[in-house]
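Engineer: So the sequence lines, in the order shown, correspond to chains P and Z.
Here the numbering used here = 1-based position in the first sequence + 661.
Here the numbering used here = 1-based position in the second sequence + 16.
One-sided excerpt, in silico: chain Z residues whose CB lies under 7 Å from chain P:
hint: 1; residue: 426
hint: 2; residue: 435
hint: 3; residue: 440
Simulated crosslink set (DSSO-like; lysine-lysine; CA at most 30 Å straight-line):
hint: 4; chain 1: P; residue 1: 803; chain 2: P; residue 2: 671
hint: 5; chain 1: Z; residue 1: 443; chain 2: P; residue 2: 1004
hint: 6; chain 1: P; residue 1: 1008; chain 2: P; residue 2: 1070
hint: 7; chain 1: P; residue 1: 1008; chain 2: Z; residue 2: 434
hint: 8; chain 1: P; residue 1: 720; chain 2: Z; residue 2: 364
Over 10 Å on every C-beta distance to chain P, these chain Z residues come out as not near it, computed from the model:
hint: 9; residue: 50
hint: 10; residue: 180
hint: 11; residue: 181
hint: 12; residue: 355
hint: 13; residue: 452
Think of the hints as simulated: they come from the structure by calculation, not from any bench.
Using N, Cα and C, we set each Cβ at its ideal position, and we do this for glycine too.
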Amino acid sequence: MTDVLTKAEKFSGLFEQLRAATAGEPQWLTERRTRGFDSFAELGLPTQAMEEWRFTSLKPLQETEFTLAAPGAPVAQEVIDCYSYAGLEKHQLVFVDGIYHSELSSIAKLPKGVTLMPLRQAIVEKEDLVRQYLGRETNPDKHAFTALNDALMQDGVFLHVAAGAVAEEPIQLLFLTSERGAGTAANLRNLVILEESAEASFVETHAAAGTDAVYFTNAITEFFSAKNAKVDHYVIQRESTSAIHISSFHAYQERDSVVRSHTIDFGGGLVRHNLWGRLDGDACEAILNGLYMLRGNQHVDNFMWVEHMKEHIPSHELYKGILDDSSSAVFSGRIYVHREAQKTDAKQTNQNLLLTDTAKVNTKPQLEIYADDVKCTHGATIGQLDPQAQFYLESRGVPRNAARALLVKAFASDITERIRLESVRNTVENLLNERLGQDPES
Amino acid sequence: MTTATQTIEQLAGQKYKYGFYTDIESDTAPAGLSEETIAFISHKKNEPDWLLEMRLKAYRHFITLTEPNWAKLSCKPIDLHSISYYSAPKSKADGPKTLDEVDPKLLETYEKLGIPLNEQKVLAGVVAVDAVFDSVSVATTFKGKLKELGVIFCSFSEAVQEYPDLVRKYMGSVVPHTDNYFAALNSAVFTDGSFVFVPKGVKCPMELSTYFRINEMNTGQFERTLIVAEEGATVSYLEGCTAPMRDENQMHAAVVELVALERANIKYSTVQNWYPGDEEGRGGIYNFVTKRGICKGNDSKISWTQVETGSAVTWKYPSVILRGDRSVGEFYSVAVTNNCQQADTGTKMIHIGKDTRSNIVSKGISAGRSNNSYRGLVQVNRGASNARNYTQCDSMLMGNSCGAHTFPYIDVRNQTGKVEHEATTTKIGEDQIFYLQSRGISDEDAVAMIVNGFCREVLAELPMEFAVEAQKLLSISLEGSVG
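Full structure from sequences and hints, please.
Structural biologist: What follows is the structure, given as structure tokens:
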């Protein structure tokens, strides 16, 4: 019990501090914060005794004291250039240490029906919409990090696309942690609402800009896709190797909508992605891809819960991992098929490549099925590079390292080739090359 | 197709055909769990002090535990104090020396069960049956023949009396009393079971078999089975179960331990057909079993095969610890649930030695309002180079109120490990049924045929006698589930 108290106390300073800063907020939001804080105090941080957190220790989080970042930390333009993608500068929102940085951001003229702004601004200007949707998919009474985010949410992006409107240009979100951001806790909150037949795509990058210290990101993205809406979502995670990154992605889908999500992890010390999909409309579609390439002592945990609630829904999950040194990865996916969800076509795959004896993988692809007319498959493999393939390449004069890189890239290509935005794909491929000790050009 | 001659209608017409109750006076311990009960059991069985100590140690550990709830099962909490922990048929006191001396009522029961002991003796040493009737072994056959080879096959209590050193050496070495809630309970109150010891280099010439049967009202059954195969020994063991029809839930918490030394080979097959409860889920057996084998020596092999069609609740994970280099673990399972049955079953393969291999094939079929889960762990430890695992679990659903779930856990810490898991869940193929029907086969026959085909890989692993029984069981269990 005392343990729980200390955990709550740990963030209570931040809560008080933030409460003062957000005094002008609407009543409902203040109430939400208080409720979040109270339930966090009750829940405490998850422990490994919980099935959902069995393989991920939050010790680094418990050991560190966090502060709230002050606004206005400087970030050099070169840093921005380094992390942004060519051709996607049109709509670019930059958040530094969890706080929106207007000077570094640019939002070009938006098509009719498209609203794009930081959440703080939306709370003022679009209060009804925010109030209607914020927190609809999350459960702060059950999930500690949701509760914490509710209590401490600072800023994030707000995107609303009206019925029939299309945000043609991809939206770029940069979440950077500056030198001053060391030791801070950033609670990001994104809200994306797509009305009927709306379309949008966005690219989210999380990166360290000049710090190797421990910092904590707790991000929640809520996604609402109404009938026939289509959305592409990319997360490129390049945090520092001491960073703690917890993210929750909640997607709610109505009929015929399509969500394509890609989560690519290169960085982070302790990373946990929660992905909750509620497929609540006939024939909607969810495509969830992931790639993690880890080294050192990095730990990435992908948790997924996809609920099929209506008929004729395909969902495809493909997560691939490459683990070097003493890194470790966890995959736990659950496909939950409700009784009504006939004609479900669900596929869940997790494949891992272990490059050393000290790397470790825990994988739990799970199916829970209550409908009888379904096609559900899941598969998991853990293996090493095929020595025969490597020998073949070497016998053709390809140097050992290059052969290894070639095979690893081929393994990852299942995911990289699914990235539709060329500049994003190039960046991911370059990062892969870099990791493999290859010249980006080769 | 064996069932072709025996039409499904006939089979379907039967309720639970093994539901009867034999009235024999028994020497039953008063209900309740306490150190006194344990001392009573131990005293009754004339056990040495070390065993009583072991029981009490397990009991003291047990009372610190709470019932696990992680499995995907929902069942009424079991009142451990209303269970009677010991019951032995009275006739035991007179000590029957031959079958003729055995209470004729018992023999009658066996005949109803389809184990004609008399006949089997005549039917030339195919199967030796150590029939367990409510905790105490009454008759053991073919012991003589086995003894010539040095194979020990007897009841657990007998082993305690006659081979205490062997029992003491191996008991609890695979499943310690601290393993889990039910194992702790079993270690404290187990009454009887089977003991098999196959000495160095001996290939056991026949399938060893035990029929378990729960009979006495309110008697939880806590068997303890221990099978040890020394260097180069080979043994195949069959276990088959039926239980009489009854309304109250009966709990069954067995512990089975297998020890395979160098180059030893143990094959353990189970057909489990305990009373599953009626259509509304009343009654039925609660089956919480801890089964584990250890491939202690190099090049050893342990293979589990199970056909689970009975019990209201099944909680069972036959596992193999692959300690020896190049050891092999296998698990073949068919689990069928109908009406309100719940099964949470699977396996654990722990790879410790080098070049170890494991193979898992699990087939789950759910019908009615039942829930059927596969839960399995494949663990490759750091030192287990070149470990290889292949897992396949397929589920079939019949009707839209049942559930089929797959919860695999894969934990790999060695880069040379190769682990594959594949699972599929499908509905029984309408086109397949249609094809068969268009050839004049009734739909229930068609279902039985498809299901048997679906399970073929597993059924092929069963010894002949069991394979036939298992195929029939599948048809009975699924009766009326497609319509």
